[in-house]
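Kindly produce the complete structure, drawing on both the sequences and the hints.
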Amino acid sequence: MLELRDVSKLVSGEMHIGNVSLRLEAGSLNVLLGPTLAGKTSLMRLMAGLDQPTSGTVHMDDADVTGVPVQKRSVAMVYQQFINYPAMSVYENIASPLRVAGVDKATLDRKVRQAADLLRLAPYLERLPLELSGGQQQRTALARAMVKDARLVLLDEPLANLDYKLREELRAELPRIFAESGAIFVYATTEPSEALLLGGKTATLSEGRVTQFGPTIEIFRNPADLLTAQTFSDPPLNTIEVRKDKNRFMLDGSDGLPVPARLAGLSDGVYTLGFQPHHLSFKGREADAVSVDARVTVTEITGSESFVHLDYAGNQWVMLEEGVHRLDVDETLRVFIDMRHLLVFDEAGRSVVTDRAEAA
Amino acid sequence: MARINLKDIRHAYVDSPVSDDDYALKRVDHVFEDGGAYALLGPSGCGKTTLLNIISGLLHPSEGEIHFGAANVTDLPTEARNIAQVFQFPVVYDTMTVYDNLAFPLRNRGVPEDVVDRRVREIIAMIGLQDRAGRKAQGLTADEKQKISLGRGLARADVNAILFDEPLTVIDPHMKWALRTQLKELHRRFGHTMVYVTHDQTEALTFADTVVVMYEGEIVQIGTPEELFERPRHTFVGYFIGSPGMNLLSAAMDGGMVRVGGQSFALPGVPQRLSAERIELGIRPEFVRLGREGMPISIAKVEDIGRKKIVHADLEGEAIAVVIDEDAEVPAEPCVAFDPAHLNLYADSWRVETEGRS
Amino acid sequence: MNKTWNNKAWFMVLPVLALVAFSAVIPLMTVVNYSVQDTFGNNVFFWAGTEWFQEILDSDRFWAAMGRNLAFSAIILCIEVSLGIFIALNMPRKGWGVPVCLVLMALPLLIPFNVVGTIWQVFGRIDIGLLGRTLAELGIAYNYVNNPVHAWVTIILMDVWHWTSLVVLLCYAGLVSIPDAYYQAAKIDGASRWAVFRYIQLPKMHRVLLIAILLRFMDSFMIYTEPFVLTGGGPGNTTTFMSIDLVKLAIGEFNLGEAAAMSIVYFLIILLMSWVFYTVMTNYGTEKR
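Protein chains in written order, with my numbering: chain C, 2 to 361; chain W, 410 to 767; chain F, 11 to 299.
Since the hints were made in silico from the structure, they are not lab data. One thing to keep in mind: the hints can contain errors.
[Unchecked claim] Straight-line Cα separation of at most 25 Å, SDA-like style, residue types lysine to any residue; simulated pairs:
no. : chain 1 : residue 1 : chain 2 : residue 2
1   : C       : 284       : C       : 222
2   : F       : 197       : W       : 673
3   : F       : 104       : W       : 485
4   : C       : 166       : W       : 485
5   : W       : 717       : C       : 279
6   : F       : 214       : F       : 116
7   : F       : 214       : W       : 485
8   : W       : 717       : W       : 696
9   : C       : 166       : W       : 657
10  : W       : 717       : C       : 289
11  : C       : 112       : C       : 100
12  : W       : 545       : F       : 218
13  : C       : 284       : C       : 348
14  : F       : 214       : W       : 549
15  : F       : 104       : W       : 488
16  : W       : 710       : W       : 735
17  : F       : 214       : F       : 88
18  : W       : 717       : C       : 100
19  : W       : 717       : C       : 71
20  : C       : 202       : C       : 112
21  : C       : 284       : C       : 210
Next up, the structure:
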């Protein structure tokens, strides 16, 4: 188990990591999700012991390891760039941490072949890294990290430099590979969809702070605050600021939206409503859907789905609709918001009502 | 602005190519119509960047000719072709300010300073770097630098074409949405011919009106996003477009019917016999219905990806993926049924043209 | 406090500190000691205070030597930096030409200083030297032994021949680190050859150029061996640089106090100039965020 207790990191007065407390269980997969410069790499460097925190402590199985340098910890790391020894064969690359550890020959061979099988590298063991595809190179780096049997494996956007499809394939394999090891995995990514595909737990990061930590799908469905919801949505979350006045959400320049029954308990005041692009639709499927008239700005068609970019009272929204829909720019469109999934945030950005929940 | 005509282009990086394998680009004969938004989509090493560099003149093709409108530009250098290109990694002139970076391609061509100023201000506003205009480009973040690269590509109004080489690689997901919509908006407003190279299907499909799918140095299909999705000409296209990709099930011909396991499907216009080593039936995960009726499957894994669920299952020994709604339940004894309107038949990886739908 | 202090680190640098103390600080202190005292031999010393320094700073001989030094450094910096950049820009980036050029460039750097002096001394002789004979055949009355201009030209040529390679190699290292995409983008932007140099190549060479200029300045300002071998400071005093003058003063005239004071001034000037160069060049082109 790895635990960060109120860890902060300042670099020449600038806060890179602010008061982060996390408990990562053994054998778990933990995703660090956030945009570039949110502090994912900084946090990983603190976990690894490559950097020392300015304040706070790092614990490994209840032992304080704050000042312990990385060489003395059981850590493996995989980077965005494919880092392998170019002059060594794939076999030797995977074997290198074992050679350093002075493992006997038979064990070494067994472990290397095991890791190679797991990562489907068995046919390429005699090749040099540069003779492999990007995906195979990164799998070699992964195998080297796995073979080390480290307690903590840090993966810093390991798939970012791979082709989309390769990424998809490797991503599907990763949970299986992780499951076979008892290590703590930490996986940094900028992509919400990647976090969802990996599952496990997710910590959302924003400007050096962890905004929420918990089971991935839970956080996606029930974000604790607006910042988390925005970090964890791709396409971006649709939002609108309203003032609740009895049974209507009022906004300037329009007669507002009716308040759905499940939110009747909400006290009057200013709120931000949030909903995912796929909860906006042409069709009022449910009784609980509310319609608004919005202006089309751009339509993007993927062949199976359409992303319709809309402007509603100055708010930029995206609607994700199944099928191909060609719409004229500036056309006014009646769209329905699925109120069952509506998220409601108070003025401070805290979540007051989550997906499908009733207002207290 | 001009129509770009590629006539029998071949390119090899080795000096004296012998076999087809020596060619990075095997044979491309294609016309990019004036004012179109195109994407070149394919995995790395498929030759898409080679093709782009041949259009811009950074590479001279081993064989073939390139015409811009009526003019043969095969032997013209890049500078003389009047095109703009944006690269994968940001290229900025470090010692110049953001403003000067954007003005650079205009000033190099002797555009009057008042026109430069107007144009640069417009571009800066578009890429959202107004507050950085007077700053040196050196200290900016990667995505700000890439926005400058994009802006520089868009600065000249009179270019023949704007070429993009995986321009959004270094950009965060949220910013990708914003920049992509802006590019589309620009295309609509100025009507430039745009060619966009990417390995990311979402980028390609959402950006382009026509997508050119490339695989191992060849064009395997050219079509609208719907055509690529609904009727992939090659199993590679079926796999490469859509996530998860198209399900391919080994099939056999059975008197005008296509048989998969114990089930037979009628496909109108399918020939009685197919002389092929491998026959496959393709169906998109989106068109597989999960329910209590149809062919029984055993479920291996259900991935909840938020807005939908992906069910990975086994259908008579073959892997099949099914996409279901986020609120949908997986039945106790699951079966799958195929939407007959969305079946595609493949003989040796190429689509068999069937009646009514070509 | 954002820095973590690790006291153990100091032990690691102790040996170096000791070494520096023995090799630099102690001799320097001896010089300081000499510079404030006077002696008439027999190890008898008198306190002289700042007298030697005043004498040095008042003497025309010192300022003349310094003027020669400055002129020399300025001339060779101009020539070597521009020539170095020019050669680096025109060196091949790939193919068999690369190793050939690199070896050719490295050759002069491998030759010891006094040998360089000797080579040029012979090279320039009118009776047997290739350069001297050739010029004489062409009807040019070349003689570096008694013509100050010829002596200067020869010394400068020698330094350029010896050291331009250093600038070339450093610049070349900077140039090859520029990704191809930059040149491609420049082509697309329609940049002229000059613009490519000014906005792509020069900024990328900026750091290595700083090092090159600093090294070449310090070295040329301290030049001793080559002119000593070639001209011995002559004809007259026309090629007597500060270092040569210093040796004349200390060993030739046994004027220890004055020589010590001069070497301290000399040292301070080099320190000051290097610092000025460094600050100016590191601040150039960078901007506070």
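Tested hints:
1. C/284 <-> C/222: This hinted pair holds, its Cα atoms lying about 22 Å apart.
2. F/197 <-> W/673: Measuring from Cα to Cα gives roughly 59 Å; hence the hint is violated.
3. F/104 <-> W/485: Holds: residue 104 of chain F and residue 485 of chain W sit about 24 Å apart, inside 25 Å.
4. C/166 <-> W/485: violated (36 Å)
5. W/717 <-> C/279: The given pair, whose Cα atoms are some 10 Å apart, holds under the 25 Å limit.
6. F/214 <-> F/116: This hinted pair holds, its Cα atoms lying about 22 Å apart.
7. F/214 <-> W/485: violated (29 Å)
8. W/717 <-> W/696: holds (14 Å)
9. C/166 <-> W/657: holds (16 Å)
10. W/717 <-> C/289: This hinted pair holds, its Cα atoms lying about 20 Å apart.
11. C/112 <-> C/100: Given that 25 Å is the threshold and the Cα spacing comes to 12 Å, the pair holds.
12. W/545 <-> F/218: Between residue 545 of chain W and residue 218 of chain F the Cα gap is close to 21 Å, so the pair holds against 25 Å.
13. C/284 <-> C/348: Judged against 25 Å, a Cα distance of about 31 Å means the pair is violated.
14. F/214 <-> W/549: Measuring from Cα to Cα gives roughly 17 Å; hence the hint holds.
15. F/104 <-> W/488: Within the cut-off at roughly 23 Å; holds.
16. W/710 <-> W/735: Satisfied, since the Cα-Cα distance of roughly 15 Å is no more than 25 Å.
17. F/214 <-> F/88: Distance of about 20 Å is within 25 Å: holds.
18. W/717 <-> C/100: Given pair residue 717 of chain W, residue 100 of chain C is violated - Cα atoms ~46 Å apart, limit 25 Å.
19. W/717 <-> C/71: Violated. Residue 717 of chain W to residue 71 of chain C sits at ~41 Å, over the 25 Å cutoff.
20. C/202 <-> C/112: violated (29 Å)
21. C/284 <-> C/210: Given pair residue 284 of chain C, residue 210 of chain C is violated - Cα atoms ~39 Å apart, limit 25 Å.
In this structure, the hints that do not hold are numbers 2, 4, 7, 13, 18, 19, 20 and 21, in rising order.
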